[in-house]
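Novice: The listed protein sequences correspond, in order, to chains A and B. Residues in the first sequence are numbered from 4 upward in steps of one, following this note's numbering. Residues in the second sequence are numbered from 4 upward in steps of one, following this note's numbering.
These are computed hints drawn from the structure, not numbers from a lab. Hints are not guaranteed to be accurate.
The list treats identical chains as interchangeable, and a pair is accepted whether it falls inside one copy or across any two copies.
List of simulated lysine to aspartate or glutamate pairs, DMTMM-like, C-alpha gap at most 20 Å [claimed, not checked]: (1) Lys193 with Glu94; (2) Lys59 with Glu132; (3) Lys125 with Asp189; (4) Lys125 with Asp180.
In this text, all values refer to a predicted model and were calculated from it rather than measured experimentally.
Below are the chains, spelled out letter by letter.
Number of protein chains: 2
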Amino acid sequence: MKPLPSTSRGRRTRAAIVSVAADLMHRRGLAAPSMDDVLAASGTGKSQLYHYFDGKQDLTVAVLQHQFERVMAGQPSLSDPTCDDLHRWREEVLEAHCAHGMETCPLGAFVGQATDDPVVQKTLSELFERWQDAIADLVARALRTGRVRPGVDPADAGCALLTAVQGGTMLSHLRGDAQPLARALDAVVKGLSAPAA
Amino acid sequence: MKPLPSTSRGRRTRAAIVSVAADLMHRRGLAAPSMDDVLAASGTGKSQLYHYFDGKQDLTVAVLQHQFERVMAGQPSLSDPTCDDLHRWREEVLEAHCAHGMETCPLGAFVGQATDDPVVQKTLSELFERWQDAIADLVARALRTGRVRPGVDPADAGCALLTAVQGGTMLSHLRGDAQPLARALDAVVKGLSAPAA
Chain A
4 MKPLPSTSRG RRTRAAIVSV AADLMHRRGL AAPSMDDVLA ASGTGKSQLY HYFDGKQDLT
64 VAVLQHQFER VMAGQPSLSD PTCDDLHRWR EEVLEAHCAH GMETCPLGAF VGQATDDPVV
124 QKTLSELFER WQDAIADLVA RALRTGRVRP GVDPADAGCA LLTAVQGGTM LSHLRGDAQP
184 LARALDAVVK GLSAPAA
Chain B
4 MKPLPSTSRG RRTRAAIVSV AADLMHRRGL AAPSMDDVLA ASGTGKSQLY HYFDGKQDLT
64 VAVLQHQFER VMAGQPSLSD PTCDDLHRWR EEVLEAHCAH GMETCPLGAF VGQATDDPVV
124 QKTLSELFER WQDAIADLVA RALRTGRVRP GVDPADAGCA LLTAVQGGTM LSHLRGDAQP
184 LARALDAVVK GLSAPAA
């Protein structure tokens, strides 16, 4: 992977290309858009595109990282070391899903897509691990302040909550209705929460 | 949609075509395989293929129904009116997932795939509804026999369990490890189960 551009203008140009590529790949699949499709859609010159990216693999990895950053930006509770509130996170997840027209998950949409590239597969796996770890950290904070019932394993809970986000987002997208995502999150969050005093 | 063939030989031929098409669509996406791809992969004659299916839409609907039947066959607890055991169903889901090499869900893999065909979308939605209703019926039976704690809403629980299957299957596929599916199911099933007497 090439190093990030050193100028802010270079970084803006690179980010604009990644954003266009992310949109194409989210709609049509990781494998479908060619570098030429990205060229056409982004209006960048060929030499500029290849100045920032070695090729499709390099661009795809950048797209996955971009999608991960978008997900994390929509769930600020996960990066806030003072937040111990699973219900706040639940609201963030639902709001982000509705704000984006109940589209499929920016990262989850790529799971299972025919890609034989091990670098791309590894990147996707690692980003899901980081997401799950961030949820587990939130659960661990809630456990320390007593908002989650004692005995909960944060790693188990992080996995169960991430699967609820994935399955819920998928079915909400299918139905055009946020209810499955809300129900999926509630079922897991309720099971983790400490009984009201 | 054309009526099912009247002879058992006709039904076998039709089923073989659907099975080949299902495999192609599961691997490459609903939209990707053309009728000619299905012709080539199934070794049927063109007149035979169009004798059973009007076209791609008709074949796609048959594929979705085939995938649904495959899912239900792997979860016999759902069609067994005497079964009230969520844990037995959980085992069936995990076994089917492992038996098929932790592939993506036969139906879930198609959610969010670019298809502008409202008939296909409606079929997919309806099959998910039927699956969710069957899980809700199992929960209702478990509620009547006291294996699920009083106050559980079977419709809510059916939705939460189906999203756990979807999200869990997705992450288990990504990692090549059934643990996310097991954790996802456990988190919801535990929350529903009546406390041990």
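Novice: Against this structure, judge whether each hint is valid.
Specialist: Tested hints:
For a Cα distance limit of 20 Å, the shortest separation of Lys193 from Glu94 inside one copy, 14 Å, qualifies, whereas the shortest one across copies, 23 Å, does not. Taking CA atoms no more than 20 Å apart as the test, Lys59 paired with Glu132 passes in neither setting, with 23 Å inside one copy and 38 Å between copies. Neither within a single protomer nor between protomers do Lys125 and Asp189 lie at most 20 Å apart by alpha-carbon distance, with minima of 31 Å and 27 Å respectively. In this assembly of identical chains, the alpha carbons of Lys125 and Asp180 lie at most 20 Å apart only when taken from different copies (14 Å versus 32 Å within one copy).
This entry does not satisfy hints 2, 3, going by the numbered hints stated previously.
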